[in-house]
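**Q** Residue-level listing of the chains:
4 protein chains.
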Amino acid sequence: MDDAVTPNAAEDTPLVVAGRTFTSRLIIGTGKYGTYAQNAEALKASGAEMITVAVRRVNLSNPDEPRLVDFISPDDYTYLPNTAGCFTGEDAIRTLRLAREAGGWNLVKLEVLSDPKHLYPDMAETLRAAEMLIKDGFEVMVYCSDDPVYARKLEEIGCCAIMPLGAPIGSGLGIQNPVNIRLIVEQTKVPVIVDAGVGTASDAAVAMELGCDGVLMNTAIAEAKDPVRMARAMRHAVIAGREAYLAGRMPKKRYADPSSPLSGLI
Amino acid sequence: MDDAVTPNAAEDTPLVVAGRTFTSRLIIGTGKYGTYAQNAEALKASGAEMITVAVRRVNLSNPDEPRLVDFISPDDYTYLPNTAGCFTGEDAIRTLRLAREAGGWNLVKLEVLSDPKHLYPDMAETLRAAEMLIKDGFEVMVYCSDDPVYARKLEEIGCCAIMPLGAPIGSGLGIQNPVNIRLIVEQTKVPVIVDAGVGTASDAAVAMELGCDGVLMNTAIAEAKDPVRMARAMRHAVIAGREAYLAGRMPKKRYADPSSPLSGLI
Amino acid sequence: MDDAVTPNAAEDTPLVVAGRTFTSRLIIGTGKYGTYAQNAEALKASGAEMITVAVRRVNLSNPDEPRLVDFISPDDYTYLPNTAGCFTGEDAIRTLRLAREAGGWNLVKLEVLSDPKHLYPDMAETLRAAEMLIKDGFEVMVYCSDDPVYARKLEEIGCCAIMPLGAPIGSGLGIQNPVNIRLIVEQTKVPVIVDAGVGTASDAAVAMELGCDGVLMNTAIAEAKDPVRMARAMRHAVIAGREAYLAGRMPKKRYADPSSPLSGLI
Amino acid sequence: MDDAVTPNAAEDTPLVVAGRTFTSRLIIGTGKYGTYAQNAEALKASGAEMITVAVRRVNLSNPDEPRLVDFISPDDYTYLPNTAGCFTGEDAIRTLRLAREAGGWNLVKLEVLSDPKHLYPDMAETLRAAEMLIKDGFEVMVYCSDDPVYARKLEEIGCCAIMPLGAPIGSGLGIQNPVNIRLIVEQTKVPVIVDAGVGTASDAAVAMELGCDGVLMNTAIAEAKDPVRMARAMRHAVIAGREAYLAGRMPKKRYADPSSPLSGLI
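Residue numbers (UniProt numbering), protein chains in the order written: chain V, 1 to 266; chain C, 1 to 266; chain B, 1 to 266; chain L, 1 to 266.
No wet-lab data here; the hints were simulated from the structure.
Treat the numbers as computed from the prediction; the structure is a model and nothing was measured.
Accuracy of the hints is not assured; some may be wrong.
What the hints assert, rightly or not - Each computed BS3-like pair below joins lysine-lysine, with the alpha-carbon atoms no more than 25 Å apart:
(1) L/K225 - V/K253
(2) B/K32 - B/K117
(3) C/K117 - B/K189
(4) C/K32 - V/K252
(5) B/K225 - L/K253
(6) V/K252 - B/K253
(7) B/K253 - C/K225
What the hints assert, rightly or not - Sample of chain V residues facing chain C (criterion: CB under 10 Å; computed from the structure):
(8) T200
(9) H236
(10) R254
Positions of the beta carbon are idealized from the N, C-alpha and C atoms, including for glycine.
Working from the sequences, and respecting the hints, build out all of it.
**A** Rendered as structure tokens:
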């Protein structure tokens, strides 16, 4: 009966990255939480199935200190090792090889940074590093600027997900340049996942409404006053934005004299 | 166990309007849908418990034509008769008295319009009409401009919910003036519910992040390409925005030389 | 020769308010300056020909203290007494009668405030006060909210300029709701002058690009680090915005696949 | 006397690019005008002293057809040959060598494009081309993305002006990412000139308020309904934005209960 009324309200297709299938389109991080327990709690509330780990900063293996893996099991969640803190391709490949040896992780998030002031990626070095990693057998999800030209280069060499920044890491400013995110979405065949810049729920919804396949965030959840509650907010925000994108929003209307020069003004 | 980690992640309090309690903070409309069946389907997907009805336009009682009540039962949902199409207080009170006689509905949404071009309320007449209705025993939820001064007058005479517009009815432009909505939220003790202007999911999330108690929308759902899917999007968007508001977002950061004149610029 | 090339680059028509003609479309204030000398210097730099004076706060007549009129001559500039600090129509009319007796000023700016928190006008009382003043023979330029419905009422009773706020007085937030300012511009036959909210030059340009006939500002100049330089900036900004409005801007283009759901999104 | 009141209202320093001094901070183009005569007229109205020429498209030397140089004299204006339409470094250097032979022009604007859909620069190829040109003795002003990391690379190899795009060429969308423009301004010692994206006067003012040293535009003037009038608007807009930047704007204020979670929200 419902089908007759809403033929295309079928469930969403899953997010597929490098052959792996995810029901949730949200990826969260492991930095800046008070405790691993809080991080685990936020992860649960977020509904995310993938969690990114700065392998240089998080204790994965030393049994004498609290280990992330004791709170968030790699059996239950997809660990996505990242190269936070790496400034060259060589740094990045060394870091990720250690992670692969430690946990067998082959799907990775590459970030090659430049200036600590804004933590933007160095795109030339990012491209070089991605090539090295792919040659070495990694599946590379890649943090990048919102430049559609470099996004295409990264897709062409075989990156399995394009992850443009929405705003500087940790800034919470929201998507600064929706035009660029849209251009990347329109030209890209692998998943596009906004990485960095989301500050609150509506920012995540906007990213998804632009047609992105997912959102990765850390600070927005970890530095909210109540991280677990914000994690829950983000779960709903990503679904909301995705469903709105699939539903096809109403056109904006201007309510103004068509003969006036309003169009294009506002 | 969870409590220890997230002491303040308690469930949200419900929305209470004129003594009635609602779990959902979303109210949807009954205009512009293809069929009553589709309207009912969207209502179900939205999770809303309250539905507003333009009593001058919707067939409630003529048994020879399709009736809304046969698709959306007043036993299952709170009907909120509204005065769409009324331009004077006398029009409004006549319309709502008929509705009260027909369905016993005492909780109503007042709108007294001015110019068909923008469908903004006439605030002076709205205030006069609200006084008349309250005197006549109605519980009045009131559609109003985003002027905090008039919002206060409406609260002072006893309106049970203040419903400022976010943008012109049917425009889908999103919240035009968040400063005003915030000022209204900060000064108001009864529920504040954004009514009009929402175009997509992130707009609804923004309204809730500003601290509103709820959102009412019609066109954003009814004129989406897939109304039922958009209804589902809105359900999640309202929850997302509400939870983000309660969670307390991270501060925005500027990433710029503190000695530079950036602050206040962007 | 030039005419052949640019037939419609004729000079702008002047601003006419209540029969008085002004070459400049900028009006500045007299509050918050360090000294009357600085105020006079800023006025000169701004090119403004009209200056608004809070007659309750500025010393116009006591010869034992510095007087504004000794720095800014009423012979050289049009003084526009205003009712800053008035909360009722009676206050306003009393204040302006005193000003009329003192300086013969008949052209006035009415503001009737409500809450000190936001300094928004009380529109019901503003309308009542305007009626009283007009009956008493004043030419009333009226500070108002950006509600097009009240703007029309004020025009209908005979106000000689409609002065909607762009943002709260002294906030420097810029035009919050361009849709409303446009609606007012489109419906109004007397001059529309944005009053309050401008923070920097581009804000003034935006106001003029929306089709306003002028801009009034005080804090943006008086509280800039270098008020005289900012006054000069504002002179150019108002001309820039006016000329751009008259020139007719290029349409915005989206650079996106027309088959994609971008339109209306960004 | 004035000095005592406004000690720092001294005149602005001139724009210096590669040792050349310019009073105007506006650069205009030579595309899309109806006629060379109109282009010349707009140039005059704009006050610009530098004009950029797509040497592949504009007739500079064929005496049998209208020549730009007959309308805009290279003796009166600085010609800035550009490489519009070039997609490789080799294309660019060939084009600019021809221009140098033809007119002796050594100061050039490099643009190396990628996809015709958005006309964004290919930054890797742009950097390579800039190196080739500098080695060949050119003074290179360089059109680039708004990526601060590449902006720094271009400065480091010796480009004499950094020219980030504000939005796609010809889009008229205005500055999309003020955060990036600010980051570039803060880190750069040579002039930063926004190139592309300006649609109307306030956009140009915004660019200058962000601290840019100049603005280059073509379509905003050429495709305005009245190009000459828009040129005049832009002259004022650039001065307005520059003066406002130097004056130091007032801080934005929020007018909200400091105990409420407004800060960071709006």
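**Q** Indicate, hint by hint, whether the structure satisfies it.
**A** Results for each hint:
For a cut-off of 25 Å, the pair hint linking L/K225 to V/K253 stands: about 24 Å separates their Cα positions. At most 25 Å may separate the alpha-carbon atoms for a hinted pair to count; B/K32 and B/K117 meet this at roughly 18 Å. At roughly 17 Å between alpha-carbon atoms, C/K117 and B/K189 fall within 25 Å of each other, so this suggested pair holds. With a C-alpha separation of about 16 Å, the suggested pairing of C/K32 with V/K252 holds against the 25 Å cut-off.
Under the criterion of a C-alpha separation no larger than 25 Å, the hint pairing B/K225 with L/K253 is consistent with the structure, at around 16 Å. Pair hint V/K252 plus B/K253 holds up; C-alpha atoms about 16 Å apart against a cutoff of 25 Å. Distance check on the hinted pair: B/K253 and C/K225 sit about 24 Å apart at the alpha-carbon level, within 25 Å; holds. Hint status for V/T200: holds, given a least beta-carbon distance of 4 Å to chain C, under 10 Å.
The criterion of a C-beta within 10 Å of any C-beta in chain C is met by V/H236, whose closest approach is roughly 4 Å, and the hint holds. Annotation: V/R254 was flagged as interfacial toward chain C, and the flag holds, the nearest CB pair being 7 Å apart, inside 10 Å.
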